[in-house]
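Trainee: Put together the whole structure using the sequences plus the hints.
Protein chains in written order, with my numbering: chain A, 436 to 627; chain B, 436 to 627.
Be aware that one or more of the hints could be misleading.
Identical chains share a label here; the pair holds if one copy fits it or two copies do between them.
[As the list claims (entries may be wrong)] Calculated pairs, DSBU-like style, for lysine-lysine (alpha carbon to alpha carbon, straight line, at most 30 Å):
{"no.": "1", "residue 1": "516", "residue 2": "437"}
{"no.": "2", "residue 1": "547", "residue 2": "516"}
{"no.": "3", "residue 1": "450", "residue 2": "516"}
{"no.": "4", "residue 1": "450", "residue 2": "547"}
{"no.": "5", "residue 1": "547", "residue 2": "437"}
{"no.": "6", "residue 1": "516", "residue 2": "537"}
{"no.": "7", "residue 1": "456", "residue 2": "516"}
{"no.": "8", "residue 1": "547", "residue 2": "603"}
{"no.": "9", "residue 1": "444", "residue 2": "547"}
{"no.": "10", "residue 1": "456", "residue 2": "603"}
{"no.": "11", "residue 1": "547", "residue 2": "456"}
Don't read these hints as lab results, they were simulated from the structure.
Number of protein chains: 2
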Amino acid sequence: MKLLEERIKADGVVKSDQVLKVDSFLNHQMDIGLFRQMARQWRHDFDGAPINKVLTIEASGIAIAAIVAEEFGVPVVFAKKSQSVNLDGTVYSTRITSFTHKREYDVIVSAKFLGPDDHVLIIDDFMANGCAMEGLVQICEAAGATVEGIGIAVEKGFQPGGDSLRAKGYRVDSLAIVESMDSETGEIAFRE
Amino acid sequence: MKLLEERIKADGVVKSDQVLKVDSFLNHQMDIGLFRQMARQWRHDFDGAPINKVLTIEASGIAIAAIVAEEFGVPVVFAKKSQSVNLDGTVYSTRITSFTHKREYDVIVSAKFLGPDDHVLIIDDFMANGCAMEGLVQICEAAGATVEGIGIAVEKGFQPGGDSLRAKGYRVDSLAIVESMDSETGEIAFRE
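Mentor: Quick look at the structure:
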């Protein structure tokens with residue numbers, strides 16, 4: 436998506452050959468007008484898919500997922516990273532490893548909100564190793580839900596998450612795929 | 436707000452005289468159409484206030500805040516609950532105690548995204564003791580930003596958070612204030 440690639444070039448900061456900061460518009464301060472354009476792109480790309488639920492994971496995917504859910508006219512569910520005293524009853528859970536936070540944690544979705552009737556579009560802001568997305572796919576499978584696709588704002592194409600999910604047959608629709616970054620020049624190359 | 440009160444009566448579950456579950460539409464599965472109506476209510480209530488930023492805290496306030504930000508045409512910033520390797524530079528931070536999670540944690544906002552020019556509408560899904568909101572107010576004060584108001588979806592009026600912030604002069608606009616709940620009958624009484 437040209438608009439997102441241009442925004443990343445304008446406002447993204449290459450911190451190292453591995454780390455791209457987009458916190459001024461994507462995942463700390465958030466430009467909801469941009470998210471609306473992204474949501475419309477996914478709405479166009481998934482036209483005809485019987486999506487009736489959006490699934491994301493706390494925290495930085497939630498705002499994008501909310502706008503996407505409104506664009507599709509369906510509810511959104513976010514997987515929680517820790518057991519809350521208010522989350523009781525049957526849950527689906529899986530353990531994932533975070534690249535950003537360098538730790539493992541359990542993520543949980545209440546069984547009330549995901550089931551065999553659900554056709555799910557999974558949404559997140561970033562994909563690197565894809566562990567979070569693998570976790571959400573596992574939760575969908577445990578619930579008997581159908582994964583219609585995975586929409587990612589920024590995929591790091593030089594890390595294996597996206598291509599690994601594609602190889603497994605999942606439809607991964609990343610709006611910008613960073614192929615390489617140069618922390619000395621600040622240059623960012625996107626996959627065609 | 437009648438629409439929200441009716442939804443709480445229809446779909447909220449009184450788990451105890453203290454705990455109200457609204458996870459089917461507000462803070463686990465989320466009804467973005469409802470959030471849009473709530474955002475329009477705040478837009479109406481704060482008409483004329485020079486709001487140029489929405490501030491919330493991860494995780495369950497983010498979706499509501501995103502819709503509110505779009506309604507006001509301003510960016511949204513969410514305070515993060517743990518230091519990420521991607522969050523560097525100067526930050527404003529404060530320590531808060533969670534009623535729901537029964538633990539203390541630090542919340543952080545990058546100094547790049549909050550400053551003396553900002554007129555902030557703070558948004559969250561729930562307020563009980565108000566610790567999270569007190570924390571966000573402290574962060575705004577540390578940044579020299581002006582708090583134009585605090586918009587809460589559901590306030591527990593029998594807990595001190597909302598009235599304590601009002602007594603300090605903050606404009607707290609809660610769309611539904613639960614005055615009392617009866618876990619045996621499931622009855623919920625709202626403040627007029």
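Trainee: Within a copy, between copies, both or neither: where do residue 547 and residue 437 come within 30 Å Cα-Cα?
Mentor: Classified as between: cross-chain Cα gap 26 Å, same-chain 38 Å, threshold 30 Å.
Trainee: Go through the copies and call it for residue 547 and residue 516: within, between, both or neither, with a Cα cutoff of 30 Å.
Mentor: both (17 Å within a copy, 27 Å between copies)
Trainee: How would you label the pair residue 450, residue 547 (within, between, both, or neither) given a Cα cut-off of 30 Å?
Mentor: Cα proximity of residue 450 and residue 547: across copies only (16 Å, versus 41 Å in one copy).
Trainee: First find the shortest C-alpha distance between residue 547 and residue 456 inside one copy, then the shortest across copies, and answer within, between, both or neither for a cut-off of 30 Å.
Mentor: between (36 Å within a copy, 13 Å between copies)
Trainee: Is it within, between, both, or neither for residue 456 and residue 603, if the alpha carbons may be no more than 30 Å apart?
Mentor: within (29 Å within a copy, 37 Å between copies)
Trainee: Checking residue 516 and residue 437: alpha-carbon separation at most 30 Å within a copy, between copies, both or neither?
Mentor: neither (33 Å within a copy, 32 Å between copies)
Trainee: At 30 Å max between alpha carbons, let me know whether residue 516 reaches residue 537 within a copy, between copies, both or neither.
Mentor: Answer is both; intra-copy 14 Å and inter-copy 15 Å each pass.
Trainee: Under a CA distance limit of 30 Å, which applies to residue 450 and residue 516: within one copy, between copies, both, or neither?
Mentor: both (27 Å within a copy, 22 Å between copies)
Trainee: Is it within a copy, between copies, both, or neither that the alpha carbon of residue 547 lies no farther than 30 Å from that of residue 603?
Mentor: within (27 Å within a copy, 40 Å between copies)
Trainee: Reference check for the pair residue 456 and residue 516, CA-CA at most 30 Å: within, between, both, or neither?
Mentor: Cα proximity of residue 456 and residue 516: in one copy and across copies (22 Å, 18 Å).
Trainee: How do residue 444 and residue 547 come out at 30 Å by Cα distance, when the copy is not named: within, between, both, or neither?
Mentor: So residue 444 and residue 547 pass the 30 Å test across copies only (19 Å; inside, 41 Å).
Of the hints listed earlier, the one the structure fails to meet is number 1.
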